[in-house]
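A.B. asks: Spelled out from the first residue to the last, the chains are:
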Amino acid sequence: MTTPFLGTRTLRLPGRAGQLQAAGATASLVRELGDNYGRYHEHLVAELARLGGRPDPADYPGDFEGYCEAYSAVRDLVLAEIALRRARGFRKHGRRLADPPPPDEPVVVDRNDKLVSVEG
Amino acid sequence: MAGAVHVDPANLPNNHTNDYLKSDSSNPPRYPNRDFVKASNTQYVRVWTDWSGMQPFPSSSFQQTCDWLNSGDRATRMQALDRQIAAINSDRNASGANIGAMLVTSGFPSWANGTRQAGCDIINNPGDPRCGNTAEVPTDRSTSGPWAWWITYLFLRYTGLHNPLGPGSNGSWQGNPSSARIDSFEICNEPNQTYRFNGQSGEGDPAGMGCVIADMIMTADAMANFWKSGGYRVPTFLAPGTSDVSQFRPVTFADNVLYRLNQSNWRGAAPWFWTHHNYQDIKNGQTTRLTDARGVLARYPWSGQNRVIWLTEGGYDANQSLPDDPLPGQPSAPNGEPEQNILCLGNFNAVRNLSNIYMWTNHMLNEEPHHPFETAFFNDWIPQPGTKAGGTQGSQRQWGATWRGLVP
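Read top to bottom, the protein sequences are chains F and H. If you read the first sequence in this note's numbering, its first letter stands for residue 1, the second for the next number, and so on. If you read the second sequence in this note's numbering, its first letter stands for residue 1, the second for the next number, and so on.
Calculated from the structure, these hints are not laboratory results. It is possible that some hints are incorrect.
As the list claims (entries may be wrong) - Between beta-carbon pairs, the in silico distance windows are:
(1) Arg299/H x Gly18/F: 50 to 60 angstroms
(2) Ser60/H x Thr26/F: 49 to 59 angstroms
(3) Gly38/F x Pro177/H: 27 to 37 angstroms
(4) Ile342/H x Asp56/F: 46 to 56 angstroms
(5) Glu42/F x Ser61/H: 33 to 43 angstroms
(6) Pro58/H x Ala46/F: 33 to 43 angstroms
(7) Thr291/H x Lys114/F: 36 to 46 angstroms
Because the structure is a prediction, the values reported are computed rather than measured. Every residue gets a Cβ at the ideal spot worked out from N, C-alpha and C, and that includes glycine.
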């Protein structure tokens with residue numbers, strides 16, 4: 001299912017966050033993600049590494065739909081990291097979920113297409 | 001700096017006042033659109049299409065999107081658009097220069113944004129409020145969703161090649177019956193003013209809307225990247241078309257779009273340029289808000305490209321008889337076409353002296369019938385009670401005559 005807070009298309013989170021996601025329990029999901037940022041961040045990092053970053057069209061000759069699905073999967077991971085950071089900001093710093101991130105926040109994706117931890 | 005005009009042909013009947021191919025046999029003659037553009041130094045024409053009007057029913061794949069748009073009354077409408085773009089392709093302006101064709105898409109079908117309610121009958125009752133809000137952004141903005149397929153269909157249709165039906169037919173993924181070609185493609189329009197996200201306007205949540213538009217930019221670019229890598233021609237991509245009217249917080253919105261793109265380490269595969277609408281600057285006799293937009297672009301790299309801005313809409317409402325977003329504490333704006341001429345020309349010349357501005361666009365050649373927002377070069381073709389713009393119906397305004405003589 002798609003949880004509006006996450007905005008992802010098909011991503012299923014692991015563990016308790018996955019259960020809350022499946023149940024559509026957004027408030028509990030925000031708490032779980034915000035209190036355990038590091039655990040879920042590592043999962044997303046591993047998933048992105050498994051996918052190999054943003055897809056290269058050259059790897060999908062004549063397979064537009066395959067390329068689109070691959071790109072969507074990566075997009076979901078990036079959106080999940082953004083949601084994770086918002087949840088952490090809410091739980092640790094009292095920021096509203098709708099607030100823009102602080103200007104000194106590290107980039108979400110680095111030049112090597114790897115997710116960056118907001119905790120350094 | 002390129003001078004451009006905006007026309008509004010898609011979904012409209014042939015020979016509508018803003019049909020690029022409009023001809024007119026009135027006596028005395030009123031200016032046909034195409035001839036006006038060719039007699040001026042206009043360098044670009046911006047034409048409009050509306051997804052909500054073109055695809056009232058959902059599709060579940062890119063091929064199905066193509067099949068739907070290539071058949072029935074959708075095909076008829078697409079082919080009307082083809083013919084107008086092909087005419088622009090074949091025209092030269094008074095200086096003998098080719099005229100560029102820009103396509104802009106906006107409007108989202110209610111099936112794609114979740115606003116349609118049970119019982120909606122959009123075909124027989126398009127005004128039914130249960131049929132949703134076409135300003136709400138699509139819920140699925142991914143590369144595997146219907147908005148991405150619509151965008152892809154459009155830029156593949158207008159590669160300039162011939163295809164009797166359109167992309168996804170006759171063994172080809174590109175082309176149209178008129179071999180029409182777009183030079184640039186604006187994927188959204190004034191999201192900070194007119195779009196809604198989860199029912200919240202872009203005005204009320206510029207940060208949220210900024211994230212949405214950044215997402216759409218990255219999706220469109222991923223689509224372009226695939227086809228470009230396969231040797232297909234892709235146009236120059238444009239976004240977001242910020243409205244400069246003050247309460248829509250264009251700087252906050254723009255800042256969030258660019259921040260999100262930068263945070264995602266996004267580098268456009270297609271050429272991308274930032275677009276902005278400068279109505280309020282024109283009305284105020286300033287370039288302040290354009291300068292603000294330039295300031296935002298200076299803070300962030302925009303797709304690794306330069307910081308050139310295309311002004312893809314602008315103009316002065318010569319019919320100031322209706323409220324038009326006056327600034328707090330500012331005197332009401334003057335009325336009528338002399339002021340339109342003075343303010344537009346003044347802004348055009350002021351902007352021409354700024355660096356990194358590629359284009360200045362006038363919104364509309366002719367007024368939309370019965371529409372109160374009168375920014376065009378010609379007065380209404382259809383009598384409209386209450387207008388203060390003056391002049392004979394269909395006659396050229398001072399600003400039209402000035403534009404015709406401009407050398408950008």
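A.B. asks: Now tell me, hint by hint, if it's right for this structure.
C.D. replies: Results of checking the hints against the structure:
1. At roughly 38 angstroms, the beta carbons of Arg299/H and Gly18/F sit outside the given window of 50 to 60 angstroms.
2. In this structure the hint that Ser60/H and Thr26/F lie 49 to 59 angstroms apart at CB is violated, the actual value being about 27 angstroms.
3. A C-beta distance of roughly 57 angstroms is found between Gly38/F and Pro177/H, which places it outside the suggested range of 27 to 37 angstroms.
4. Separation of Ile342/H from Asp56/F is about 54 angstroms and conforms to the stated range, judged on CB atoms against 46 to 56 angstroms.
5. Checked against the given bound of 33 to 43 angstroms, the beta carbons of Glu42/F and Ser61/H, roughly 35 angstroms apart, stay inside it.
6. Between Pro58/H and Ala46/F, the C-beta spacing of about 35 angstroms keeps the proposed range 33 to 43 angstroms intact.
7. Between Thr291/H and Lys114/F the beta carbons are some 37 angstroms apart, a value that agrees with the proposed interval 36 to 46 angstroms.
Hint compliance for this structure: hints 1, 2, 3 are not met, and every other hint is.
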